[in-house]
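Once you've looked at the hints, dock chain G against the given chain L.
Chain by chain, the residues run as shown.
There are 2 protein chains.
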Amino acid sequence: MYIIAMNYSGFFIPTLREVPADAVIASHRLMFRSGMIRKLANGLFAYLPLGLRSFRKVEQIVREEMDAIGALEMKPTVVQPGELWKESGRWEVLGEGMLRAKNRLDNDFVISPTAEEAFTAIVRDELSSYKQLPLVLYQINTKFRDEIRPRYGVMRGREFVMKDAYSWHCDDESLDKTYQAMGRAYRKIFKRCGLSVIPVKADSGAMGGSGSEEFMVESEIGDNTLLLCKKCDYAANVEKAGCKPDFTAPPSIEEAKLSAANTPPYEKIDTPNVKTIEELGAFLKNNDGSPMSSKQFIKTLIYRAVNVELDLSSAPGCKDLERKNFAPDSAKGGVEMYPQAFFAVAIRGDLDVNEAKLAALVKAGEVALAPDADVVRLTNAPVGFAGPVGLAALPVIVDHTVTSMNDAVTGALAKDLHYRHVAYGRDFTPWMTGDLRTVKAGDLCPACGGTLYEKKGNELGHIFKLGYKYTRSMNVHYLDENGKSQTPTMGSYGIGVDRALASVIEEHHDEAGIIWPVSVAPCHVIIVPIKYDGEVKTAADRLAADLENAGIEVLLDDRNERPGVKFNDADLTGIPWRVVIGDKGLAQSQVEIKRRGEKESRMTPLDTAAKELQQKINEELGMRNEE
Amino acid sequence: MYIIAMNYSGFFIPTLREVPADAVIASHRLMFRSGMIRKLANGLFAYLPLGLRSFRKVEQIVREEMDAIGALEMKPTVVQPGELWKESGRWEVLGEGMLRAKNRLDNDFVISPTAEEAFTAIVRDELSSYKQLPLVLYQINTKFRDEIRPRYGVMRGREFVMKDAYSWHCDDESLDKTYQAMGRAYRKIFKRCGLSVIPVKADSGAMGGSGSEEFMVESEIGDNTLLLCKKCDYAANVEKAGCKPDFTAPPSIEEAKLSAANTPPYEKIDTPNVKTIEELGAFLKNNDGSPMSSKQFIKTLIYRAVNVELDLSSAPGCKDLERKNFAPDSAKGGVEMYPQAFFAVAIRGDLDVNEAKLAALVKAGEVALAPDADVVRLTNAPVGFAGPVGLAALPVIVDHTVTSMNDAVTGALAKDLHYRHVAYGRDFTPWMTGDLRTVKAGDLCPACGGTLYEKKGNELGHIFKLGYKYTRSMNVHYLDENGKSQTPTMGSYGIGVDRALASVIEEHHDEAGIIWPVSVAPCHVIIVPIKYDGEVKTAADRLAADLENAGIEVLLDDRNERPGVKFNDADLTGIPWRVVIGDKGLAQSQVEIKRRGEKESRMTPLDTAAKELQQKINEELGMRNEE
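Protein chains in written order, with our numbering: chain L, 1 to 627; chain G, 1 to 627.
Please keep in mind that the hints were generated in silico from the structure rather than gathered at the bench. One or more of the hints may lead you astray.
Any copy, or any two copies together, can satisfy a pair, since identical chains are not distinguished.
[Claimed, not checked] Derived pair list, reagent style DSSO-like, types lysine-lysine, alpha-carbon separation capped at 27 Å:
id: 1; residue 1: K86; residue 2: K102
id: 2; residue 1: K594; residue 2: K285
id: 3; residue 1: K531; residue 2: K131
id: 4; residue 1: K415; residue 2: K201
id: 5; residue 1: K537; residue 2: K131
id: 6; residue 1: K285; residue 2: K268
Bound conformation, chain L alone (with noise of 0.2 Å):
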């Protein structure tokens, strides 16, 4: 940055006592408070002079890092044409929540949201031979989403900076290699802003073994829930979370028939009227008189799937189901896919299936449940009877939880009928089994088997192995080393400027203001003289002078204000390094110094306060700097 020294009086700080009514979380309030930011709109915050110096210090940070693994920026355009996004599709997926604009010539415009398009179709235009990649492109740029409720200022704007990167290779290998570096960027980079992340990565046996690692910090109004064994430090978003089945390994049939030795025949029971889980739960009851558990009972669910990549040939119903070939140009032959499947999912009754794992595990575009008629349709009675035992009519997936199930409950295909006394492997073979339970606090944690807690976290920054979503709906084509046509595989990588800024508030803060990290602070120093007059006006302007040509960033407050007004304002800024310059001290030649955040101060000599000012400030950016 260009200034490093400025009088606070020809700045613009409007600081303020009072709290806007809407700001109910720590860094609205104290950017508010302190000046950085004001809002325009709903959603749309302008950055003031001193808020803009620490976001342009996280975008430098992000850059740095991006330029050291060689990742190349460039800057698309911010309105983006809507044929672009026609072509992915994603002009009608993204919904409303895209801005969109129609200029006077009815042109379609889309306010950019993300940019894989953009920047997919440069790299096609261009893309020739497989010596060009890997290519890792990337923007620090303004987007926009149309969050309809935004609230906690910058942390969930309407307009945000995003730095957004994308990386083209020949294979996975390549992919993976850049990914592996961009995690280890993304560490860095978080570490340079003073913020502790919880690098949270999806589990990549659930997904299908294609990547994707989020870095959250913890947040009482994060809008994801995630999943961290006390034991060790595995961390999962509920969304995407695996967990220990309570045994080491899925019994085989064998073994789960064995286990069902002593169970009775299962048996056809008459539950009318019963509604809910609970409700036959406590109609059924137990031998000893107590109401069924949930846990006993084999909830089955039927969930539709759309563009379905497993092979079905040989599930259950499945033989005659549609199957296309997606992107038929393509050198690799393009993709079979089935545009639409249905499956059972069987679980235990107190469990929630995950879709993502669903989804992950079909290998599917997107699950979600069946409609009404088509239950009734595949399972052949109302909706709320399906069960496992005889359901032929389409593939039956039994999470891990029901293969140690040898006398459940489950519905029975028709209507105020149920069954009892039900034995996994014994009355019922699955077609696959997997886990697909929503993980919950308190279950097991898949790599050590530690109990798992929940945290409230936001997302600051995703890296994420796309794999070939836009290569192959876009077209995109290089030359191999044998001639022959390929589509690359891609990946993706953002982080959120202004959610960064804040969380860095989040997390260094007190009652009296923020507390920053020297790497991002607006400037280092603030220099207040108790009255800047005299002989301490003539200390105050030295110092600053000094710290200005050791390369430090001052202000000095050379407002006609009272010491206790400026005080406050240098607490509320949090400023890292404070200095007092009074008379009293001056008669020994000595300053103030203290850390904000720090209880104590110190006075040191005046003539060496530069000095060590600039050897502290130094310090503690090479720590942060620091692999």
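Just chain G now, kept in the frame of chain L:
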């Protein structure tokens, strides 16, 4: 910039031989061919890594010079709430050139074409005391204007980056001080970029004292016509250019009467079926039989003016004109304006009326030729027969050229009738005289009387004393030293970054490619090893490292390409200094260095090449940095 030494093969520089069909100007052709930009859609260009480096350098030069004069950078949003634009009244005025969007909640948004409203809204909320003024804020940010025919690459794109600054002041003196500082900063910015600009001042007389200066570059495709003086440094936009009348001062009415002493009394003549001034000239003839010249006619045009501030209470026909108080809640009492008024303008027959000058003269928001019905009503004659003699229904304004006409032909306020032998001062007197003509090549310079000539130009920057336009309509107030509420006056100052960059290329290129000034070159030195192998490779790597250590930005062409290909790309991309390293030179421990754009290269010792280049580069940077 972070990366200072990089390998060509690891960079993304897709150079091209062919020129896109629509690239008709050098900068568009060369930015495309050298891999600086690619087109995403009409008027939407992506900067590739090489282009972005130069782009950022222009931005940084602008930023440094803004910071140096105490302007404070901030960042409002690109997508702005429509409400702000409705408040200022520009929601309607800016029309279809402004891209608008509606979100799912039916909120109106504007993709910012400029930001007077957003900045003024923020300042309005924070401004309380005169002590906060003057305040100068700026941003360097994305803008969008929906050009109907976007052309010439980034020179006239739809999306572009503009530095826009705004200032608020207690009084005109303070505004003028900032305005002058901006003017000096702009000259320095363009000098540092290697741009020869033509500063074009609005004629402050004609423009009613409100200052405005445009910074133009000559361009064959320029959308402005400039008038320049052959003798002095006078330069003006044709829209606003003044010119020296053919006499030193307009004659007084007495002088005019005297000069008409020998003119016969005016008389009415029939001019049936005569439609144009040319036909009238041929019809009337001079005494020697030659057709009369258009210079012998007085053309009289009726204008309708909107929001007129000039006091018309004593003007002919204006006694009962409606007058309204705008912004009556202002402490200064608001402004009295006539929502509508009509004026007759008399000008020599061969000349055109400059509407901008007329608007400035009568202090109108806008002027345009009056609708036919009004002309008929006010002149009591069909359109085409207006004349100043006997015209009493509205004020007659006389261009300076008319004040020396003592024997002229004019319309006679009746169908197919004209007057001849009309003399200014004798047969009619004006309500007002002024310089209203559209200046043309061949006219005389208003500063020195030299002859004016024309050039086409493109506007790179504009500084402008806005006055109270936005602060009044948006109700901005502060308390003055006496605790009284006042409205601040305002200035605005813009520079187009993309256009400045393209203009550098327009000014610095040859057949082979770009010739960058060091200050905005994507990097300073390109090292071209004849073959990147063996000792040549060792020497090239060492030189790159030496240059990097000296803070010089280096591109090392490590590609396995023929030397001719590498030389062509080096010329095309225009890197200022080229170092060729080959076996032959190395045998003598020599390398070849050449400044791009110069014919001659020369050999220099490898050992001292880095030092020599560093010196040359810093010399050039220092030269441009000088005040």
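Quick rundown of the hints versus the structure:
For a Cα distance limit of 27 Å, the shortest separation of K86 from K102 qualifies both inside one copy, at 15 Å, and across copies, at 19 Å. When the C-alpha separation of K594 and K285 is checked against a cutoff of 27 Å, the pair qualifies neither within a copy, at 69 Å, nor between copies, at 94 Å. Within a single copy, K531 and K131 get their C-alpha atoms only as close as 66 Å, which misses the 27 Å cut-off; across copies the closest is 18 Å, which meets it. For the homomeric pair K415 and K201, neither the shortest alpha-carbon distance inside one copy (43 Å) nor that between copies (88 Å) is at most 27 Å.
For the homomeric pair K537 and K131, the shortest alpha-carbon distance between copies (20 Å) is at most 27 Å, but the shortest distance inside one copy (63 Å) is not. Taking CA atoms no more than 27 Å apart as the test, K285 paired with K268 passes inside one copy only; the shortest distance there is 15 Å, against 119 Å between copies.
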